[in-house]
Amino acid sequence: NAGVTQTPKFRVLKTGQSMTLLCAQDMNHEYMYWYRQDPGMGLRLIHYSVGEGTTAKGEVPDGYNVSRLKKQNFLLGLESAAPSQTSVYFCASSNSKNQPQHFGDGTRLSIL
Amino acid sequence: GESVGLHLPTLSVQEGDNSIINCAYSNSASDYFIWYKQESGKGPQFIIDIRSNMDKRQGQRVTVLLNKTVKHLSLQIAATQPGDSAVYFCAENIPYRGGADGLTFGKGTHLIIQP
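Residue numbers (the numbering used here), protein chains in the order written: chain A, 1 to 112; chain B, 1 to 115.
Okay, chain A solo, but in the shape it has when bound:
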């Protein structure tokens, strides 16, 4: 079972470059989330979506944009990468509110 799949797994960018992280889930979940995880810290919510065509800001949304054009996909974009965005990015999905979120294995992003 694939569950939540994130691509790419690793990426190195230069400051100012742009890129898109892709998240795909095959569980027909309505809710999808993007988190970032930094050393010594728990995961922090960037953006989330409660259904196809909807997105909303989380705790740390600045510098990121998202799109949910299809129910199974949730894209995270960095328009102009900054070193402070060096992190591990995790995507998750869930059936609804207050249900377990299922995570992908992360994208390790370094901004030089």
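Read the hints as simulated data drawn from the structure, not as lab findings. C-beta atoms are modelled at their ideal positions from N, C-alpha and C, and glycine is treated no differently. Nothing false has been slipped in among the hints.
Here are a few chain A residues that sit away from chain B, every Cβ distance over 10 Å (derived from the structure): (1) Thr20; (2) Met27; (3) Gly53; (4) Leu69; (5) Leu78; (6) Gln85.
Keeping only pairs whose Cα atoms sit at most 27 Å apart, straight-line, the calculated DSS-like set for lysine-lysine is: (7) A/Lys57 with A/Lys70; (8) A/Lys97 with B/Lys68; (9) A/Lys97 with B/Lys42; (10) A/Lys97 with B/Lys71.
Here chain B is said to cover these stretches of chain A; the calculated rule only asks that three of the stretch's residues, wherever they fall, bring their Cβ under 8 Å from a Cβ of chain B: (11) 39-51; (12) 104-111.
Given the structure of chain A, go ahead and fit chain B onto it with the hints provided.
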């Protein structure tokens, strides 16, 4: 702001012993709590969850206890095995947070199993 925290960053236990990982939360409005296990290089893996209308829930080898009076959450792992070595995160859902349904995570406890 309010956030979920962990009492100990590292916990070392003998193989076969029971482990107890603690978590303090400060938001009395939180209505849902969840424990995750994260192994190196992988995403968080769901272990067990509990809603605020409960004080105990059991799974296979794991038990979660919720004490709303002192805002405390714990994860008990019975007969700890080498495969239990990982970082454990507690997380809470704060319902008033603009409707956001993302979780607020603690910083994690690293569980080390001694042979």
